[in-house]
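S.K.: First to last, the protein sequences are chains A and B.
In terms of the working numbering, the first sequence opens at residue 1 and continues consecutively.
In terms of the working numbering, the second sequence opens at residue 1 and continues consecutively.
Note that these hints are calculated values from the structure, not bench results.
Note that the Cβ used here is the ideal one computed from N, Cα and C, for glycine as well.
Wrong hints could be hidden among the right ones.
[What the hints assert, rightly or not] Below, a sample of chain A positions facing chain B; criterion: calculated Cβ distance under 10 angstroms:
1) Gly13
2) Pro16
3) Ala23
4) Asn33
5) Tyr34
6) Leu38
7) Gln68
8) Ala83
9) Asp84
10) Thr107
[As the list claims (entries may be wrong)] Below, in silico cross-link-like pairs of lysine-lysine (BS3-like), each with a Cα-Cα straight-line distance of 30 angstroms or less:
11) A:Lys37 / B:Lys45
12) B:Lys16 / B:Lys107
13) B:Lys6 / B:Lys107
14) B:Lys107 / B:Lys45
15) A:Lys37 / B:Lys107
16) B:Lys6 / B:Lys16
17) B:Lys16 / A:Lys37
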Amino acid sequence: MIYFPQLSSGATGQFPIARQRVARTVVNQSCENYSVKLADPGAGITEWHLSFEELTDQELAALEALFQAVQGQLTGFTFLDPADNLLAWSEAQNQAAWQADPLLIVTGNIADPLGGTAAFQLVNPSGATLMLQQSIDAPASMDYCFSAYVRSDQSTRVWLVRGSQTDARVLSQQWTRVTSAGQLQSEAETIAFGIALDPGSTVEVFGMQAEAQTAASLYKQTFETAGVYPNARFRNDALTITTVGPNRHSCELDIVNVEHL
Amino acid sequence: MFPTLKTGAVMQYPAKRTLQFATGVIRFLDGTEQRYCDSPSVLHKWTIQLDLLDEAEIAALDRFVQENQGRFGSFSFTDPWDGTVYPDCSFAADTFAFQLRGEMRAKTELTICENRS
């Protein structure tokens, strides 16, 4: 899998990060300002403008290696949006993107910590550990941070699943945002994120979020599209690098994801 | 409904609102002219400039534009000047761009226009 590399800090981008989504709507407008519109959802384009400063030789080499591997704008690569949640349907656990173990009971419409009713309850009535997880097509070897708001009326714990890593977090009756972050030694081209419950436990969960960075940012709700773009491309065939000193490089990149390619 | 910021506000200063009439003018050779109203009513347009948004606020706006597929969709918009609800509005463009200049420092600009329905 060819993918956009992370910096040594674990981040995919540096501030400022600019993102633009472009839809296509065909509009037939009359002289009296009445209009008939036709959507063209297949023509959507998402673009990012990334500016990098003070890159090390190693970081620059990784970017250059990617640029050469994909031959500029010729072929695609996997890009993880630094400004989005990588998990799709973050508030709809009944969607096919989520895989729940057969005996796990998932109940929605629970009051959430942001004042809505988008939390859900997980009940494990079995004698084994059960899991709700979502797998994304991204290299498991990158730095990730998985986060979720959790609470329970029981004195129990929850397991945060991040690939082959599971981290236990003790729960309270108050909503608490728990995180699991780090890098795995794995060559896998997919990685799963989710929640695992001990036998007999009941947990309320909200706002599951995965990000390709070392710490959690504010929760972002997602629907069918999330922050994983398996066929992104560079917009240009040229990569210009400015070196201002030893081990000090800068460059700017435009990345584009076109739905119909 | 158009999403509000965490403060409950829809817009930030400077806020811009446009009232748009369509008047047809026929000018004759002798300099006189005849004017006629080419549309049944005034149309409103709001230019919303937002700065210092956090990631959740900008993500909510991004999702809302996506749900509407750019200027294709229709939604109701409450004019923050007078509280009037305009039930049929759309984005003026198919493009939604924002810039993240740091944590909780997102910036964007949107234009909403009232549809003739």
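S.K.: Now, for every hint given, state plainly whether the structure supports it.
M.R.: Checked hints:
Of the supplied interface hints, the one on glycine 13 of chain A holds, with its beta-carbon coming within about 9 angstroms of a beta-carbon of chain B, less than 10 angstroms. Annotation: interface hint on proline 16 of chain A holds; nearest CB of chain B at approximately 4 angstroms, less than 10 angstroms. A hinted interface residue such as alanine 23 of chain A counts as satisfied when its beta carbon comes closer than 10 angstroms to some beta carbon of chain B; here the least separation is about 3 angstroms, so the hint holds. Taking 10 angstroms as the C-beta contact cut-off toward chain B, the hint placing asparagine 33 of chain A at the interface holds, the least distance being around 5 angstroms.
A hinted interface residue such as tyrosine 34 of chain A counts as satisfied when its beta carbon comes closer than 10 angstroms to some beta carbon of chain B; here the least separation is about 5 angstroms, so the hint holds. Restraint check, leucine 38 of chain A versus chain B: the minimum CB separation of about 8 angstroms is within 10 angstroms; hint holds. For the restraint placing glutamine 68 of chain A at the interface with chain B, the shortest Cβ-Cβ distance is roughly 28 angstroms, beyond the 10 angstroms limit, so the hint is violated. Among the interface hints, the one on alanine 83 of chain A holds; its C-beta lies about 6 angstroms from the nearest C-beta in chain B, closer than the 10 angstroms criterion.
Interface restraint check: aspartate 84 of chain A against chain B, minimum CB-CB distance 7 angstroms, threshold 10 angstroms, status holds. Checking threonine 107 of chain A against chain B: minimum C-beta separation of about 24 angstroms lies over 10 angstroms; hint violated. Restraint check for lysine 37 of chain A and lysine 45 of chain B: satisfied, since their Cα atoms lie roughly 18 angstroms apart, inside the 30 angstroms limit. The suggested pairing of lysine 16 of chain B with lysine 107 of chain B holds, with an alpha-carbon distance near 16 angstroms, which does not exceed 30 angstroms.
Between lysine 6 of chain B and lysine 107 of chain B, the direct Cα distance comes to roughly 15 angstroms. Compliance with the 30 angstroms bound is thereby established for this hinted pair. Proximity of lysine 107 of chain B to lysine 45 of chain B is assessed by CA-CA distance (about 20 angstroms); at most 30 angstroms being required, the pair is judged to hold. For the hint pairing lysine 37 of chain A with lysine 107 of chain B, the CA-to-CA distance comes to about 29 angstroms; that is within 30 angstroms, so the pair holds. At roughly 21 angstroms between alpha-carbon atoms, lysine 6 of chain B and lysine 16 of chain B fall within 30 angstroms of each other, so this suggested pair holds.
Restraint check: the Cα-Cα separation between lysine 16 of chain B and lysine 37 of chain A comes to about 26 angstroms, which is no more than 30 angstroms; the hinted pair holds.
Hint violations for this structure: numbers 7, 10, all remaining hints satisfied.
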